[in-house]
Amino acid sequence: MKKRLTLFFVSLFLCVGAALAQTKVSGTVFSQEDGQPIIGAAVKVVGTSTGMLTNVNGRFEVALPEGKTELEITYLGYEGKIVKAKNGMRVFLKADAKMVDEVIVVAYGTAKKSSFTGSATAINSEKIASRPVTNVTKALDGQVSGVTVTSGSGQPGSGSSIVIRGFGSINASNNPLYVVDGIPYDGAISAINPQDIESMTVLKDASASALYGSRAANGVVIITTKKGKEGKAQVTLHNTVGWSWRALPKYDLVNQEEYAELTFESLRNGYMYTNGMSYADATAAAMANMGSKLGSELYNPYKNYTWDTLIDPTTGKVKADAQSAWNENWMDPLYVNGAFRHEHNISVNGGTDRTNYMISLGYVNEDGILKTTGFQRYSARANVDSQVTDWFKAGLNTNLSYTKSSYNQYSDTSTSNPWYTAQFSNPLYPLYEKDAQGNTIYDSFGNPQLDYGENGRPVAADHNPLGGLVNDKSWTNRDNAGVRTYVTFGSDKENFGWAQGLKFTVSFGADYSGLTETEMMNKFHGNQKNAGGLIQKYATRDLSYTFNQQLTYNRKFGDHTIGALLGHEFYQYTYNYLYAGKTNIVDGINELRPASTIYDADSYSVEHDIEAYFGSLNYNFAEKYYFSAHLRRDGSSRFHKDHRWGTFWGVGANWRISAENFMKSVSWVDNLSLRASYGENGNENLGSYYAWQNLYSLAYPNGNKIGGFVSTLENKDLSWEKNGMFDVALEGALFGNKLRFSVEYFNKKTTDMLLNYPMALSTGFTGYDANVGNMRNWGWEFMVSGTLLKTKNVVWNLTWMGTAQKNKVLKLTEQSNEIINGVKIIKEGYDINTFYMAKSAGVDPMTGAQLYYAYESMDDDGNVTGEYITTDYAKAATSKYFVGKRTPDLYGSISTDLTLFNCVDLSILTTYSLGGKIYDSLYYGTMKPMYYASDTWNKNVLRRWQKPGDITDIPRVDVGGSSTLTSNYLVNASYFAIKNITLGYTLPTSIATKAYLSSLRVYASFDNVALFTHLKGMDPQYNLTGGTNYSYSPNKTFSIGLDINF
Amino acid sequence: MKSLKYLFIGCAATLLVTSCAKDQLETSPTTAVAGTTMTQSNDAAMIAMNGLYRSMYTSGWSTTGNTHQCFGISAYNLMADVMADDHIMSKQGSGWFWFDARYNVKSRFSSSSWRSYDVWYAYFTYIANVNYLIAMEADLDPADIDKMYVIGQAYAVRAYSYFMLAQTFARTVKGHESDPCVPIYTEPTSASTEGHPRATIKEVYDVINSDIAKAVDYLQKSQNTTLGTDDKSYITYPVALGIQARIALTQEDWATAAQAAEAAIATGKYAIQPVEASTFAINQTNFINTVASKNVMWGATIIADQVGMYASLYAHMDFEADLYAGPSRASKQINKDTYDLMGANDTRRCWWDPTNASNGDGGYQQEKFHFSNLSTWLGDYVFMRIEEMYLTAAEAECMMGNDAKAQNLLNTLVQTRDVSYDCSKKTGTAMGALTTDRTGSLREAIIDQRRIELWGEYGRIYDIRRLKQGFKRTVEQGWPNDPAILLNSVHTEDPESYAWVLTIPQAEFDGNENMDAKKDQNPTGDYPE
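First to last, the sequence lines map onto chains A and B.
For the first sequence, counting from 1, position 640 maps to 640 in the numbering used here; every step adds exactly one.
Every position in the second sequence, counted from 1, becomes a number in the numbering used here once 10000 is added.
Please keep in mind that the hints were generated in silico from the structure rather than gathered at the bench.
Where a beta carbon is used, it is the ideal one built from N, C-alpha and C, also for glycine.
Simulated restraints on C-beta separations: (1) 10037(B) - 780(A): 47 to 55 Å; (2) 10400(B) - 817(A): 55 to 63 Å; (3) 10281(B) - 436(A): 27 to 35 Å.
To be clear about the criterion: a stretch of chain B counts as covered by chain A if any three or more of its residues have a C-beta under 8 Å from a C-beta of chain A, and this derived list gives those stretches: (4) 10052-10061; (5) 10082-10095; (6) 10099-10110; (7) 10117-10123; (8) 10194-10208; (9) 10511-10524.
Can you build the whole structure from these sequences, using the hints too?
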């Protein structure tokens, strides 16, 4: 990026002077830092207008007119030098600390980081490349302050969710807008090859994102792909191989003995405390009923005892001489340990002074850590830009990719979801079929027979997790195509007179994604056995395009630089869905045709349009004072025509203190700038495209008659949610750029919040969409980055990022200041992710009953009156307390990189999050099981109450018993994670050159190395709202890579 | 050169202008239609009625959790059946209906996946749907019998919905008229509609009685409608009479009950269907799974692409299908004492199998409910059949002292099942304090036949409640020897208990300013504190 800009500037200054016959001098320009040749440095003969640029080897050859002996050599980011001309000379340029400036991609253009008036953070391709990720969103974690990222599923190809500067909305989307090469992107992020990405910029404040006003309320992630660079073609080969394992440890679950004992104890407790039996009677009844809960004797691993004699009634323990015939974990055989991943990319880029190009091909193949899952991507991209004439430039950027994903089609608590059934299976039951003696049964080929529970297993009917994964198939094929094209008229050249700097650009971008999906449920076992199997096919088509016209004017008058933009944009998204299913399939043919019986068929389509007019104005005086203003007016098809249009705007200013004269003498300050901005953006992403309308769903045909069922209530007033954000930041670089820092404060207020206004359930509606309420997110972000050591052979950098942010719901509806939703409450004055749960008052030492705090009334600040302790779960259910929130107090990352002898590099990225709580429902499910036989216990249950006098915090076991969930199952969400360690070796240039290579680097990368949490097994980054689910566990990957440039 | 430049710019400007067509931002869904179109014509209104009927046998909309036990009217009837004494669940199985059967759902009112939320929201959604159609009554032309037909059905649905809500969320009407019941809404819901407070049982029944009377009147007058009455999912005139009979029976309004039930029989549209063992077998069509049968008054025809699969009645009932009911799962059995109420030659004996190997010490395996075609998940739902009308009429006549009429009605029905049946000697109305206490009265004989004939269909607990009887489950009857399912700690012997009065979902209190969880919730235990 830096070099490209240089070329541009230099080409402006350069005029080829009339050459007279003179002496020729040749030489090479190097960087003093690393001894690398500098490409494109300007070499000018002092006192003339003669000059040229160095070539790819840093070489130049210049003709010296009579009497001229000095050359001036300049290059952006380096201190210029005037040297005596000498043939075969070697010139070393020193990096200019004050000049180093990052150019970042921002809305509708680029900007220098130090002069930008908004808040934006760029992540360059090196940082992305260091993570062996298939989906680029997973590389964002820890890179940008103010951004929270989920761990993402372990399913290969899947991505992470991102929230920028807190939750801005309750019912509308909190996702940022993704923009790829200037055009909003609706395609699958997994379709983009991370290797094609030059940079990602996260726009955080309202001023930076105002030009995307309509959909920028939650911030913007701009992805820019690589472009061609002028010069001889460069070929880059990138190859990695890697192996993955489960990243999170498993939950600590009970073993066979403990499981049997807890089952017995729970039965006995139930009979005693719920049914009022005596201890002796309850013990007898519990023993007698073991079999009815745990299934036939075939499933009893203790072959020397039957279920009803297994427990010693005096101790409640499994009899000491009971011998278990098997101990088979259901989940372990489902993992692929060291799931293989390999990736290969080749790209070619080059160009002339008028046209440049980049072409890349990529392939990645990643196996999942869950058997049968995987992901493959074939991608190709071509970017071409051409300055056709002085006043006409055109470009085309196109990418094609094909992805194939095999996945597990079951989720949540469906029996076939292994993350539920197998991960939390009862330890008594075998995976493989057993005979009466407990020996595994083998088929005629010597393979162990899978147990589908047909012989009286009371849970997971006709299911075997291993068989389920193999027998049922589900995969998607996705074809992606994207195009970005533009034509620009106008020029920055002086000979265009009044029109200098005036340009008109028309751009068009489209993203197409065609998906076909197959889900097959087999005909031999499980759900669809009676129907002879089920095959379902889905075909969806996503097409979005943005058509955009811009008039820009950029010109410099002395110290005054102005930039103006006027534009119009039209965006359309269409989605088509087609589905059909048939039962009674032919085994081995995963198509509809041979299946005999139609099961269902469906199709529908969706359209979404946005039209916008926008303008912006930028001004800077002497590279010291920068101002910008943006205005955008958007109309969305989601709203009624009277409330469709919203106006969004932003203003920003930046004062480069270090450019002031009075700072010139302060030599240790390289750069210092203070910037502030304010703006308002909009959010319309409600989920529904037709939310304001009163609608009857037509998904209710009654037999062969068309049927409509009321689905939504009308609210014509529904309109844009608005997000106003104030941002102020101080950024600087000190001591020769050895210390870089930024401190930033933001205050974001959401008004006219899109909210599903809750109604009394008895009105027949759960609620309707309306603009109600306000919410505020505010906080501090900081970044300190230091070069701790910098010598000829060692460079060591350390960066610490942190964010401390808060959220507060300011206003809800006129009628009510709270919305209770499960274990959470949204309430005025509180964080949006506040937990509102009953509170445990311990365990009654006499009965082991859960004790709760209850109260007569509570005020809005959470102060209670008439508090008392009770065992009544119903009282507890209506006596909830504010017991914490998910939002962490401080989160961020610490990263370091070390370079030795210009050839060995080591980087470590760690992330941390302090404070906040998570309700781990997976953990709760194993602390308070709902069903005998199907649910298991966490080892923490072993410290439960067992007999009168026990003092503990875990109540007596009572499977399926009536209780109210308490805050005891909230877990501290703090964590520390080592996200990545990369060690690389770059071949010294001298050796590489001999091998005709520009560069060669080998490296090893270890991703998701370790995670330290408060509860073993819990994923603290499962989501950002404080929950967990039975989902594909994230993985850790070790990979080795080889990058070659020639 | 210059001219070329202007040409380019001109072209681009044209592109700019053409892209902003004014109506480009108007979009409409392809899966739904605007609400206003539904009341524009009688045909359109029938689309709304059809959608409503479909929802009565579809899962997934009333709650998104536990959908396999929430599939409309049949699910609620099954729930009410397993809550009583005749319908045994042999095991917990996958847990569906088990929590109903062991009275362990009331505490789950704060969840949107359990009975409180599901039943409450489902019936109130029916009410909200029909309130839009009932609003059409304001400009009803008495000659417009098509419109009258639509509005008549809408009234019947509202009456039925409030009736079911009243039976579920309050104790029985008789003797508890001033107890709190459910909120009443008779106007179309809009975004500005506020939640109403709980009305008394009497106020709710006033609405029910008025609605069903209007329904009967409108549907009688509109029998010649052009909108079609052959679809048995529709509430037609005889079905409205049937609903009116049920409502009147519960209120002990014997005259209305008898008159409505007899009028339904008198329409002559339906006839008692004999029971034949050969049809009550797997993959056979019988009148429990086939709405087309001549005895079926109201039900839902299930077609191939509208099957509920696991979320269907037969998934829970069909033993041979081995889905949720099967040898090692929650098979459904009849109480052995109830089975023994049948005569030795009663053809309905084929509905249960005392010899099924998996019965063990339990009750007798049910064979009454089967998929009509297991491989395609087919099996219709029956909501009302003519046999019930005979039983209702008989009971009402008996209660009015018209024993001969009652005996005749009962004999007419039962003799089609057991030729030797004769109740002519029986008289009287006495019922035991517990359902196991026998009195030998004529009314008891009628109730016995309801228990046999309507087993699994009608929600036995509703009968027990209106009869103000208690019951006790025993191991001898065939119940599992598990104190939890034997309900040892539930006061089922006391008809005044709140044990079977469901709690109101927390979501109602959260969205309704006029209902307070601390004051307006039903007792979570058997009795108020």
